[in-house]
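S.K.: So the chains spell out like this:
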Amino acid sequence: MSNVNAVRSQAPAETPARPAEALLPPVDVVEDAAGITLFADLPGVSREKLGVHIEGDTLTIEGEISLSSPEGLESTHTEVGLAVYRRVFTLSKELDPERIAAEFNQGVLKLRIPKVEHAQPRRIEIRVA
Amino acid sequence: MFYRSLFPRDVLAELERFQRGMQQSGDVSPSIRGTGRGGYPAMNVGSTPRSVEIYAFAPGLDPASLDVQLDKGVLTIAGERPSVLPPKDAPATVHIDERFYGRFRRVVTLPDDVDPNAVSARYTDGVLHVSVPRRAAAQARRINVV
Numbered sequence: 001m002s003n004v005n006a007v008r009s010q011a012p013a014e015t016p017a018r019p020a021e022a023l024l025p026p027v028d029v030v031e032d033a034a035g036i037t038l039f040a041d042l043p044g045v046s047r048e049k050l051g052v053h054i055e056g057d058t059l060t061i062e063g064e065i066s067l068s069s070p071e072g073l074e075s076t077h078t079e080v081g082l083a084v085y086r087r088v089f090t091l092s093k094e095l096d097p098e099r100i101a102a103e104f105n106q107g108v109l110k111l112r113i114p115k116v117e118h119a120q121p122r123r124i125e126i127r128v129a
Numbered sequence: 001m002f003y004r005s006l007f008p009r010d011v012l013a014e015l016e017r018f019q020r021g022m023q024q025s026g027d028v029s030p031s032i033r034g035t036g037r038g039g040y041p042a043m044n045v046g047s048t049p050r051s052v053e054i055y056a057f058a059p060g061l062d063p064a065s066l067d068v069q070l071d072k073g074v075l076t077i078a079g080e081r082p083s084v085l086p087p088k089d090a091p092a093t094v095h096i097d098e099r100f101y102g103r104f105r106r107v108v109t110l111p112d113d114v115d116p117n118a119v120s121a122r123y124t125d126g127v128l129h130v131s132v133p134r135r136a137a138a139q140a141r142r143i144n145v146v
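Protein sequences appear in the order of chains A and B. So that you can map any letter, position 21 of the first sequence is 21 in the numbering used here, and since no number is skipped, the others follow by simple counting. So that you can map any letter, position 47 of the second sequence is 47 in the numbering used here, and since no number is skipped, the others follow by simple counting.
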């Protein structure tokens with residue numbers, strides 16, 4: 001649980017150079033009344049090589065694949081041709097990145113981003129006069 | 001849809017993914033078992049003079065549920081990945097569903113000189129690594145010319 005480097009910085013992002021080519025991890029995003037849950041597939045990434053960063057309203061998920069391969073390994077068939085995953089999302093203001101929770105287990109990242117209290121839905125009573 | 005706009009996609013990344021897909025479909029002589037590319041799990045295969053190494057990128061599985069079989073020089077990796085998506089009647093909205101769910105089976109033909117009795121398989125960080133040694137007799141030897 002939350003053994004992930006969750007970094008929050010208020011500094012405005014400088015105009016970033018075009019980042020190096022990276023794999024785009026597949027994700028599932030599910031929203032319920034209390035927040036958003038994101039699942040991302042990052043196989044081959046260890047906890048130490050996973051980074052979840054929030055900067056302003058930008059959520060970045062990054063990871064580096066580290067496989068134990070024997071010496072002199074020659075690749076004969078490659079479907080995963082890059083060693084870096086990266087995916088960026090823009091959060092909306094009703095989400096509370098301060099209370100983000102992360103789990104990482106066997107290459108699957110689960111992020112829970114709760115909504116700020118006042119943004120949670122309330123039933124509005126309609127009174128008949 | 002209103003909620004989709006909370007998560008604008010990275011258009012450049014989407015284009016890159018599309019481009020990669022196009023390159024992969026240009027494979028002119030696919031295997032008789034189909035190219036299998038883009039299937040789950042993604043696979044890398046490599047070899048050394050002493051072994052054949054297979055990496056299956058299969059995140060989020062219980063290693064006990066993985067079925068790895070080697071029969072007549074054909075390695076089969078099968079299993080099932082349960083869904084994390086909420087049931088249809090749940091009060092939740094699925095905005096993106098790209099991850100694979102369900103049963104899967106992938107097959108790799110191994111070279112003739114592997115030793116089926118000495119296979120080892122490990123599941124680490126969501127990657128299944130199968131190592132199949134080559135038979136000692138098949139390993140390259142230096143022949144001295146006298």
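Because the hints were derived from the structure by calculation, they are not lab data. Quantities reported herein were computed from a predicted structural model and do not represent experimental measurements. One thing to keep in mind: the hints can contain errors.
To be verified - Okay, the calculated beta carbon distance ranges per label pair:
hint : chain 1 : residue 1 : chain 2 : residue 2 : range
1    : B       : Thr76     : A       : Ala101    : 20 to 30 angstroms
2    : A       : Glu71     : B       : Ala118    : 35 to 45 angstroms
3    : B       : Asn117    : A       : Asp57     : 25 to 35 angstroms
4    : B       : Ala64     : A       : Ser92     : 33 to 43 angstroms
Unchecked claim - DSSO-like, lysine-lysine: derived pairs with alpha carbons at most 30 angstroms apart:
hint : chain 1 : residue 1 : chain 2 : residue 2
5    : A       : Lys93     : A       : Lys110
6    : A       : Lys115    : A       : Lys49
7    : B       : Lys88     : A       : Lys115
8    : A       : Lys49     : A       : Lys93
9    : A       : Lys115    : A       : Lys93
10   : A       : Lys110    : A       : Lys49
11   : B       : Lys72     : A       : Lys110
12   : A       : Lys93     : B       : Lys72
Each residue gets a CB set at the ideal place from its N, CA and C atoms; glycine is no exception.
S.K.: What hints, given by number in increasing order, does this structure fail?
M.R.: 1, 2, 3, 11 and 12
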